[in-house]
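S.K.: So the sequences go chain by chain: A and B.
Sequential numbering of the first sequence, starting at 1, is according to this note's numbering.
Sequential numbering of the second sequence, starting at 1, is according to this note's numbering.
For the record, the hints were derived by calculation from the structure and aren't laboratory data.
Among these hints, one or two may not hold up.
What the hints assert, rightly or not - Simulated DEER-style distance windows between Cβ atoms:
#1 A:Ala-137 / B:Ala-19: 40 to 46 angstroms
#2 B:Thr-74 / A:Glu-147: 44 to 50 angstroms
#3 B:Gln-46 / A:Pro-45: 17 to 23 angstroms
Claimed, not checked - Quick partial rundown of chain B residues pointing at chain A, CB under 8 angstroms, derived from the structure:
#4 Ser-14
#5 Pro-40
#6 Thr-57
#7 Met-89
To be verified - Okay, the calculated bits of chain A under chain B, using three or more residues with CB under 8 angstroms as the criterion:
#8 16 to 30
#9 80 to 92
#10 186 to 199
Remember, predicted model here, so these are calculated numbers, not experimental data.
Cβ atoms here follow ideal geometry from the backbone N, Cα and C, with glycine treated the same way.
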Amino acid sequence: MSFPQPQATPYSVNNYGFFRLNTPLSSPGDIYESDQGGHAFCVGPNSDIANVNMAYFDDQVPTFMQFMTISPTRSFTGLVNARNDAQYVPAGRPGRILFWSDDIYDPNFRPSAAVAGDTIQFVPPLLDVVQYFTPLASVVPPRINKEFVFQNYVVPGGHVLYIVVPYYGRRYAFVNFTNRNNVSPNTFGISAVNYAITDDSSVNPFHQETTILAPAVVAPGASVRKIIRATVDGMFDALVFSLNNGGPAPLRIDVADQDES
Amino acid sequence: MTFATSLAAAAGQSYDNLALRSIANQVKNVLTVFCSQNLPLFPESQPDSHPVSNWLTVLSAIANQLPAVNITLTQLTQAAKALYGLCWMASFLQSTGGISISQGNTLLASYNTNIAFP
Chain A
1 MSFPQPQATP YSVNNYGFFR LNTPLSSPGD IYESDQGGHA FCVGPNSDIA NVNMAYFDDQ
61 VPTFMQFMTI SPTRSFTGLV NARNDAQYVP AGRPGRILFW SDDIYDPNFR PSAAVAGDTI
121 QFVPPLLDVV QYFTPLASVV PPRINKEFVF QNYVVPGGHV LYIVVPYYGR RYAFVNFTNR
181 NNVSPNTFGI SAVNYAITDD SSVNPFHQET TILAPAVVAP GASVRKIIRA TVDGMFDALV
241 FSLNNGGPAP LRIDVADQDE S
Chain B
1 MTFATSLAAA AGQSYDNLAL RSIANQVKNV LTVFCSQNLP LFPESQPDSH PVSNWLTVLS
61 AIANQLPAVN ITLTQLTQAA KALYGLCWMA SFLQSTGGIS ISQGNTLLAS YNTNIAFP
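Here chain B stands alone, though its shape is the one from the complex (with noise of 0.2 angstroms):
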């Protein structure tokens, strides 16, 4: 895969890239790091954003119970349904006004960082 040019084409490529990261047995670090460098950009006090907050607790608690080696094909499927609502719902409330250009540019840039394979 390449960086993705969006928070559309994030989520598109939220499959290819988990299972790639799977292979090199980095799903469960880099999906840790993703949320616990995003979480911070999205805070409780600001409702408009609690799609993605939400999803990033969701994602997170999925990160936390898989095994750091080995997931299986059942982890991997979760955890990209889960990235791929996250990214969609980022460029959706990016659009709308919900959360910031800047929110969504930074959301895409640890994206871009932890997740994407290029």
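Okay, chain A solo, but in the shape it has when bound (with noise of 0.2 angstroms):
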């Protein structure tokens, strides 16, 4: 989904009871607009990112402009009224509650390990939000476990491929790495990443980088197997795997807000 946005209003008005908003990041500063109020609000089942801003309007603010933040582990319930009669200040701009990530997204990390001719390849974090126009005495916001699949990969020759899965508020993955070309071997290995706001073309981004599984050849046939938990490894805003070998190399990755042992 790209900008404009789906607006809330054709579901309101047609009395649909909610109106979910549910698109991949199309950049870090994505920011959605809502001209209906609600009574609920909640992050969505599909939603990779976990912290979720949202401003709306409150007479008794200054700038008449509350924050808000709902995650998989809150969601919120009570009438939020858009006011589009009144105006936010200092803008001047109509009153309309505002939705976006409040995790940061960087499009432009490459891992500390990466040389030129390497590639990168991001999976874009989904914003999954949903706004309910009826009242509800609750909402149980989980998020689904989420399953990544990969398999064959263009791999520049002699070089690294990265792919980037997002992690946001995880606490738990298994993760399957199975060489099944017959002849090379692949070297696989897994870190992860808390982003920074940074200038990623300097000599030394801010971004945080760990080591899960330091790269290791793996043998034609042979297998990895990885689980990563939040009490033992830390979370992370994106998990990073790397090959250099363009398969077939069968990758599953399992993640859970919830540890599954």
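Two chains, two separate frames, one set of hints: put the complex together.
M.R.: Now the structure itself:
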């Protein structure tokens, strides 16, 4: 999905009961608006983004703009009016509800181990937010356990392909990699990153990288399995997988908000 | 820092630039001027530019509530994240036609004048 974004109004006036904003981030600065008030707000089931900021009209704030963050661990129930009739101060723009990711995303990130000629592919994070138009006693917001599956790759000769998968707020991952190329070995590794606001063209960008599984040769027919736990390894914005052969080499990644042990 | 050559670079330099401005107690002032200069560029009547004007609305509200001196680290982070989002959004919309090249370039020039810390 790209801008202009879908509008909440048709869903509200046609009594759909809810408006769902479900879109991959087209940029780290994506911000979405709703001209409709709502009775409940939660992170949607497919969201990769864990923390979603909301701005809404509040008469008792000097700027009339109040902020709130919803997440898989905290939705919000209660009437929030859009107040199109009033204006935020000092901008003088009409009241509306705004949504954007509180989690940082940086498509210009490159692993510190990457060299010229290496390539990188991002799975763009999905932003999924649900706005309800009818009163609800509560909203149960946990996200689905997500599965990412890859198999064949375009890897420049003699170089490394990095695959970046969103992992915001996740506490568990199961990774299974098998080299099905009958001839060539494949050097496979896993690292993780917490993004920073940084100048990626500088010599030393500020992103925080953690090695989860150091790159090692996986022989033809061999497999690697790795379980990543928040209590053991930490929490990260994204997982970064590296390999140096086009495959076939099935890579399956299951991520969950709860530790599955 | 140096002047940003693109809106994406401006986004990446947001925190550094505001951190330097905070040492000089200038964050509230520079953000207020930056927002007031640029809001008229993205009128309410231009729906495709709403993502940029929405960011400017958020950033101006944040700036309005900042103290003139001695902003906290939490306030600095909140302002930097909003500026980061604004610059990235403008970069994306400029490249996809949501805003004009001229609008994006004017925003970048205003960033370099008010926020970049050469």
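S.K.: Take the hints in turn and mark each one as holding or not.
M.R.: Results of checking the hints against the structure:
no. : hint                                     : result
1   : A:Ala-137 / B:Ala-19: 40 to 46 angstroms : holds, 44 angstroms
2   : B:Thr-74 / A:Glu-147: 44 to 50 angstroms : violated, 36 angstroms
3   : B:Gln-46 / A:Pro-45: 17 to 23 angstroms  : violated, 34 angstroms
4   : Ser-14                                   : holds, 6 angstroms
5   : Pro-40                                   : violated, 10 angstroms
6   : Thr-57                                   : holds, 4 angstroms
7   : Met-89                                   : holds, 3 angstroms
8   : 16 to 30                                 : holds (count 5)
9   : 80 to 92                                 : holds (count 5)
10  : 186 to 199                               : holds (count 4)
In this structure, the earlier hints numbered 2, 3 and 5 are contradicted, and the remaining ones agree with it.
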